[in-house]
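There are 2 protein chains.
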Amino acid sequence: MSEGKRSALLPVEQALERLLTLAETTPIKDTKRVALADAHGRVLAEPLIATLDLPPWPNSAMDGYALRLSEWQGEPLAVSQRIFAGTAPQPLQAGTCARIFTGAPVPAGADVVEMQENAEVLEDGRVRFTEPLKIGQNIRPQGQETRVGETVLVAGTRLNAIKLGLCATLGVAELSVVRRPRVAVLSTGDELIEPGQPLGPGQIYNSNRTLLCQWLRQVGCEVVDGGILPDNLEQTRERLGGFDRVDLILSTGGVSVGEADFLGHALREEGELTLWKLAIKPGKPLTFGHFRGVPVIGLPGNPASTLVTFALLARPYLLRRMGVVDVTPLCFPVPAAFVWRTAGERREYLRARIEDGRAVLYSNQSSGVLRSAAWAEGLVEVPEGRTLVEGDSVNFIPLSEVLN
Amino acid sequence: MSEGKRSALLPVEQALERLLTLAETTPIKDTKRVALADAHGRVLAEPLIATLDLPPWPNSAMDGYALRLSEWQGEPLAVSQRIFAGTAPQPLQAGTCARIFTGAPVPAGADVVEMQENAEVLEDGRVRFTEPLKIGQNIRPQGQETRVGETVLVAGTRLNAIKLGLCATLGVAELSVVRRPRVAVLSTGDELIEPGQPLGPGQIYNSNRTLLCQWLRQVGCEVVDGGILPDNLEQTRERLGGFDRVDLILSTGGVSVGEADFLGHALREEGELTLWKLAIKPGKPLTFGHFRGVPVIGLPGNPASTLVTFALLARPYLLRRMGVVDVTPLCFPVPAAFVWRTAGERREYLRARIEDGRAVLYSNQSSGVLRSAAWAEGLVEVPEGRTLVEGDSVNFIPLSEVLN
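Here the protein sequences line up with chains B and U, keeping their order. Using our numbering, you'd call the opening residue of the first sequence number 1 and step up by one each time. Using our numbering, you'd call the opening residue of the second sequence number 1 and step up by one each time.
Taking lysine to any residue and the SDA-like style, the derived pairs with C-alpha atoms no more than 25 Å apart in a straight line are:
#, chain 1, residue 1, chain 2, residue 2
1, U, 32, B, 194
2, U, 281, U, 339
3, B, 134, U, 284
4, B, 284, U, 144
5, U, 284, B, 117
6, B, 277, U, 63
7, B, 281, U, 117
8, U, 281, B, 55
9, U, 277, B, 131
Simulated from the structure, these hints should not be mistaken for lab results.
Based on the provided sequences and hints, a complete structural model is requested.
This is the structure we're talking about:
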């Protein structure tokens, strides 16, 4: 293939950049207040600002005894109070110690907690401390984790269990989150039939609908199931126009290939259509456009291509529309357990596993083979123009990072 | 600390092995048939065996022309049929070619597909092929991905979107899955109060409930919210005995520490209680036991300790009870961007991020500080007895691998 043809392919990072820029021009601005228990996977619409110190007061990190080291001469001390977690202590009486338990507030006047293992209770009930002590020991100071007024989570944070737990520690029971994007999912192709139906001649089962509906839900979208698009212009137009308040139409398969490209026709008539030839394999053809103002993304229809383009392009686009800043998945350099002989003009994303610390490929990397992805733990990235020998370092993107 | 004391700590992998063995003695055997759309996160109860070949028939990988190379002399060929995806072709008429589109069945008699870019349509409608051809070219053979009778997914597979997509390609609309484990979640401690309530003296907000309920749901469990356990023996007994058909009682905080250990009392009276001192930091004390025959796991109460012990011990235990074989998260060696001066006797799991390819630690690694985990992208493992200099390789476990 000539240099001229090669340069016509759009590199992955440029495609992503364009999509993110497009996403920023149509942000989802509506917000909603939801209970903590319902906020998993949602995106924070406002920063979370601490309204209390964490911890709210100095507290004991151990079960033991609180005393005032700065006024102590080394003598055994009587126990003047017992402080359980959840109770409010009295100020420490001079010349005494307080029995204290993990998490309990340290009484005013105490400046150290000694753990019970280093304390000896005498017959008269007084306590002798035998190890050297240091002021502040075993005391978690007030505000050690967070101070009132600090921004704890920024707007645009995707809420997972840990972040919700953090909201809980701050006493927050409700959060303002970004409305879920409504995404209409369409499959195209007369050959598709839904699982559970008998397979006729020339027909295959529709898997992209299952894949996309589930991935979209995990990204935090509301899915409008648009079914299989008929291979007919009038019906295509009707279907596209019939979606109620959707933020995106996501289709797989069929835009501008073949002669029966009714989706492409409809977009050209009542919107706009750009066909990108991406330097990505699997997944070269990607469509971006709009229909009567609603953005449309058309992913390639082979399931492994759908996977790669959804994970690397459509998912970050949707996250950015919700205001998420960091849309880059973690990736790790690992040694290849394989040889890659032919330098490709497209960046390849191969379905791979980690075995003995090295990346092993599924035997069949055809874009039609979904089984490769079901077997895989991640995607190995082979850059454009590269060949590899065993042991060469390749980037490995865990699937858990891009499909959650 | 003496060698004697050190050896009393249970290494993480031994603790995990014991828990997995315990899990295998109480597998969840009930199964349920669910629709594909409801099967996400569930565990397959039976192997998925292919009842059709994939692809079901040889099909075209390209838009182009199908011909019979073995009987072709190089002359231009008339087009005798047009084969769209979803249609059943006629056998190829001798001395002709067929117009064919991506995904359409290759007609009987054809042994090659040439892409349209390499074909020239003459004025009389015949097609001339200009490039060298090879038998089988651009044809995806029947059964290339899967053959009838092959085991495509084994029993014990955790179903994610991709695996459900694979079920869909095989026409499967319903699956037999393992019943969700019912897990009762308990927090212990009079100091705990739920978010949204005003904070009294000595009180802190309960975050573990939010964390555990959410994590358990993600693992595929049904959560029975047991609330905050009262610091009172009679009420503790009543609460523990009042759960309806639970498979596990999961508690955080308070077992066998302090003097008001009512959960420990109740277990000793009407069940069994083993206290493990784990060689893990954060998270040393872990309880395993049962109450009237129901398994009980008690995790430490500091939120970072709860996180680490849930992710590394309780989660694999629950997955194994559902029959999941592979419960090991992916982990990757990365260079440390920090110095670790003191060799610990416990294996440390530090909250960390990847920056410029190196593991960076959160400034405050106290087990009470949940903010470290909210900031983190993963856990860095520092083995027992190790010190580190910058650039040393450490294991990094992405949080997405253990909290999904």
